[in-house]
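Q: All chains, full assembly: derive it from the sequences and hints.
Listed below, chain by chain, are the residues.
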Amino acid sequence: MRKLMSGNEAIAYGAYLSGVKVGSAYPGTPSTEVMDNFSRYPGVYAEWAPNEKVALDVGIGAAYAGSRAMVAMKHVGLNVAADALFYSSYTGLNGGLIIINADDPGMHSSQNEQDNRVYAKFAKVPMLEPADSEDAKTFVKVALELSETFDTPVILRTTTRISHSKSSVELEDSAAPASEKSTSPAYNRDPGKFVMVPANARRRHPVVEDRLAKLAAYAETAEINRIEMGKEQLGIIAGGIAYQYAREVFPDASFLKLGMVYPLPQELIRSFAAKVKVLLVVEELEPFIEEHIRLMGIPVKGKGVFPITGEFSPHLVRECAAKAGLINMEQDNSSTTVSQPELPVRPPMLCPGCGHRGVFHTLSKLDVLVLGDIGCYTLGAAPPLSAMHTCGCMGASIGVAHGVDKAGVSDRSVAIIGDSTFFHTGITPLINVLYNQGTTTTIVLDNRVTAMTGHQVNPGTGLTLQNKETREINISGLAKSIGYEMVDEVSPYDLDKLSSVIEKHINSSLPSLISVKHPCVLNVKEKHPAPVVDQDICVNCGTCLELGCSPLTQEEDHVSINPLLCNGCGLCVQVCPAEAILVNDDNNGKERR
Amino acid sequence: MKNKIDFMLAGVGGQGTILASDILVEVGLKLGYDAKKSEVHGMSQRGGTVESHVRWGEKVYSPVVERGKLDYLIGFEMLEAARWTSYMNNQSAAIVNRYRVPPPSVNLGLASYPPDEELQHFIETRAEQFQWVEGNAIAQELGNPAVAGVVLLGVLASKLGGSEDVWLEVIEQLVPPKFIDLNKQAFIRGKRLNA
Ligand code: SF4
Ligand code: SF4
Numbered sequence: 001m002r003k004l005m006s007g008n009e010a011i012a013y014g015a016y017l018s019g020v021k022v023g024s025a026y027p028g029t030p031s032t033e034v035m036d037n038f039s040r041y042p043g044v045y046a047e048w049a050p051n052e053k054v055a056l057d058v059g060i061g062a063a064y065a066g067s068r069a070m071v072a073m074k075h076v077g078l079n080v081a082a083d084a085l086f087y088s089s090y091t092g093l094n095g096g097l098i099i100i101n102a103d104d105p106g107m108h109s110s111q112n113e114q115d116n117r118v119y120a121k122f123a124k125v126p127m128l129e130p131a132d133s134e135d136a137k138t139f140v141k142v143a144l145e146l147s148e149t150f151d152t153p154v155i156l157r158t159t160t161r162i163s164h165s166k167s168s169v170e171l172e173d174s175a176a177p178a179s180e181k182s183t184s185p186a187y188n189r190d191p192g193k194f195v196m197v198p199a200n201a202r203r204r205h206p207v208v209e210d211r212l213a214k215l216a217a218y219a220e221t222a223e224i225n226r227i228e229m230g231k232e233q234l235g236i237i238a239g240g241i242a243y244q245y246a247r248e249v250f251p252d253a254s255f256l257k258l259g260m261v262y263p264l265p266q267e268l269i270r271s272f273a274a275k276v277k278v279l280l281v282v283e284e285l286e287p288f289i290e291e292h293i294r295l296m297g298i299p300v301k302g303k304g305v306f307p308i309t310g311e312f313s314p315h316l317v318r319e320c321a322a323k324a325g326l327i328n329m330e331q332d333n334s335s336t337t338v339s340q341p342e343l344p345v346r347p348p349m350l351c352p353g354c355g356h357r358g359v360f361h362t363l364s365k366l367d368v369l370v371l372g373d374i375g376c377y378t379l380g381a382a383p384p385l386s387a388m389h390t391c392g393c394m395g396a397s398i399g400v401a402h403g404v405d406k407a408g409v410s411d412r413s414v415a416i417i418g419d420s421t422f423f424h425t426g427i428t429p430l431i432n433v434l435y436n437q438g439t440t441t442t443i444v445l446d447n448r449v450t451a452m453t454g455h456q457v458n459p460g461t462g463l464t465l466q467n468k469e470t471r472e473i474n475i476s477g478l479a480k481s482i483g484y485e486m487v488d489e490v491s492p493y494d495l496d497k498l499s500s501v502i503e504k505h506i507n508s509s510l511p512s513l514i515s516v517k518h519p520c521v522l523n524v525k526e527k528h529p530a531p532v533v534d535q536d537i538c539v540n541c542g543t544c545l546e547l548g549c550s551p552l553t554q555e556e557d558h559v560s561i562n563p564l565l566c567n568g569c570g571l572c573v574q575v576c577p578a579e580a581i582l583v584n585d586d587n588n589g590k591e592r593r
Numbered sequence: 001m002k003n004k005i006d007f008m009l010a011g012v013g014g015q016g017t018i019l020a021s022d023i024l025v026e027v028g029l030k031l032g033y034d035a036k037k038s039e040v041h042g043m044s045q046r047g048g049t050v051e052s053h054v055r056w057g058e059k060v061y062s063p064v065v066e067r068g069k070l071d072y073l074i075g076f077e078m079l080e081a082a083r084w085t086s087y088m089n090n091q092s093a094a095i096v097n098r099y100r101v102p103p104p105s106v107n108l109g110l111a112s113y114p115p116d117e118e119l120q121h122f123i124e125t126r127a128e129q130f131q132w133v134e135g136n137a138i139a140q141e142l143g144n145p146a147v148a149g150v151v152l153l154g155v156l157a158s159k160l161g162g163s164e165d166v167w168l169e170v171i172e173q174l175v176p177p178k179f180i181d182l183n184k185q186a187f188i189r190g191k192r193l194n195a
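First to last, the protein sequences are chains A and B. Numbered per UniProt numbering, the first sequence spans residues 1 to 593. Numbered per UniProt numbering, the second sequence spans residues 1 to 195.
Bear in mind the hints are in silico, worked out from the structure with no lab data behind them. Model, not experiment: these values are computed from the prediction. Heads up, none of these hints are tricks.
Here are some chain A residues pointing at chain B (derived, C-beta under 7 Å):
| no. | residue |
| --- | --- |
| 1 | 166 |
| 2 | 245 |
| 3 | 313 |
| 4 | 314 |
| 5 | 341 |
| 6 | 545 |
Below, simulated DSSO-like cross-link-like pairs (lysine-lysine); rule was C-alpha separation at most 27 Å, straight line:
| no. | chain 1 | residue 1 | chain 2 | residue 2 |
| --- | --- | --- | --- | --- |
| 7 | A | 406 | A | 480 |
| 8 | A | 231 | A | 277 |
| 9 | B | 30 | A | 3 |
| 10 | A | 141 | B | 59 |
Beta carbons are placed, not taken as given, at the ideal position from N, Cα and C, and that holds for glycine.
A: As structure tokens, then:
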């Protein structure tokens, strides 16, 4: 029987079928659903770790103990986990370890579009790349077998289009998952292998090189690398989603579909190249395969035809191929062009009722320099709030703010960071500020959940991924315990209080922390009656519109509120100078203020 | 059986485009096609656009529709429908919900929302068939505006022809139990619109 699954669902299914017992991940688009789905299978342990480095160490520990383990993260997550990747490449493991790594060409929800195939080469570990959900399921099994056979972590690389596309997967009837050595975990003490002091590490490096050579030999006959002969005029080498696009655009060509993108099968490539007149590599982002083939001295086309930036599409592949004379552009059967009306864009924005809005509104009013971070609240950088001035990577805000402080700028500034990001990599820079006598004020937007990626629980939520109640880490308590003397908690919906607390903190020379605490209204489904604008009182000054809240609508000569969209948070009521926005209390919604 | 049928569903976060595309791809599979779907849903919850591709075919490689090759555009929102016209050709059909969700720039008075006629003209000249559907009004009549998307699926099913059983079966399978009847009714209202 076949079932439609997204790439991420298929990975989780494959992991379950392969007897993976321990899973750890930090959520990140487009990888999040891997662990979400895996956690629901019977008999498995799955957790959200505070960050990817922790997740990978957990996976490594489980694999050291003989269990099969899976760790999942988005591409930039592997930057955080890189240290662990490199040491585990040297130590090897005991049970199989698979690292799911989702790249995001086109940056649908990321800060860069790094090509993580480079990591495989850098860390000297094998990497597989599925081209659809069926591949995803199967490759997880292959990866775990490789991991155990060759004593190495294995990376399974996906891209957004693989992770978030659905295609059919053959269901397997083995109700009980194949459980390998996982049944009785045992830690096999072997310091020479697992303690990476220089003397041991020096002995392990040649082992790693030898392993790579063996993996390269394996790649030559691996089933997941396969030749599909068509016409000999054009031979295409591709893997992942690029393979699918190329199949559509070049229906007659010959293909070498690579399921294993590192190490590459040199002899297979050589024999394929010899069979075809023109050799073309179709790959998104870096010329990873192309460069390798060039080094082998084989003439090949690649980035001369296709761009190095952005996500591919069938259209783009066709257009580039036509431009390079590899195909004839089909007769364009689209209708006569009519002039395109100017279509207003629809950028994402903070949700109606979002607690972050009040904070950014206040910071914008106080004209503070805001060193920001990654999460929903990054949308505070967008107009009309326009109240975030840097955002680089997870946890950067506090360190950057401290640097700005130490550089001696006179602007009043704050670091702003969400709860999940704070747990991810915000705690060490918070300690740094204190230790190095900085004056930074850190505002933690604590909405009690990892909202951006779809409301995953985190160490502040009080629940685990598998829905067990657990200790809730209190952020202000944590700050106080490490020695912060100036710590306040405030609601994001009380603008006067918020403003006075922020003023107090930024005018003080003490390092300090403000926890702005309220659960994400979307997550807890909190909603109050929508206020109404009294048209006769409204002077159409536009002040409320500066909140950038979508239910507020500019009409002819006044503003109105769309009650279907409004969450009734009451912020607009507070900012209207004419007091034209009236709280609607003719029903039984609980009052917030 | 057709060689291939390509669909795009375009709307705004929260309009139910994802459920509708899940239904559509499942129906394709049940009808014996190879079927794939793709969407990017990173920020859709925050009011951004949602665009979902569904493809049926003997053998489907790309989960993404190629520009200029789209067969059916299903617009959940007028402006979002207009955004994807470059995917259509002179044999495409567009089914568009006559419903507007003004984007923030429009609410804030910084941009204007094109009038219905202009959007209609723009889409119509790029397609062979064009149909407005009062999806939200119909859904409202049924008691829940959230099923507007399923009304649109009904209209689509009437254009594709064939039995409605498969559709109803898939709706039953994918919709939470207490909403099954509502969704079936919405589908049937859409299906009978052109009868
Ligand atoms: S009460 Fe005002 S600020 Fe709050 S969600 Fe409604 S329109 Fe937006
Ligand atoms: S702030 Fe008050 S007076 Fe000004 S436009 Fe908004 S509702 Fe009208």
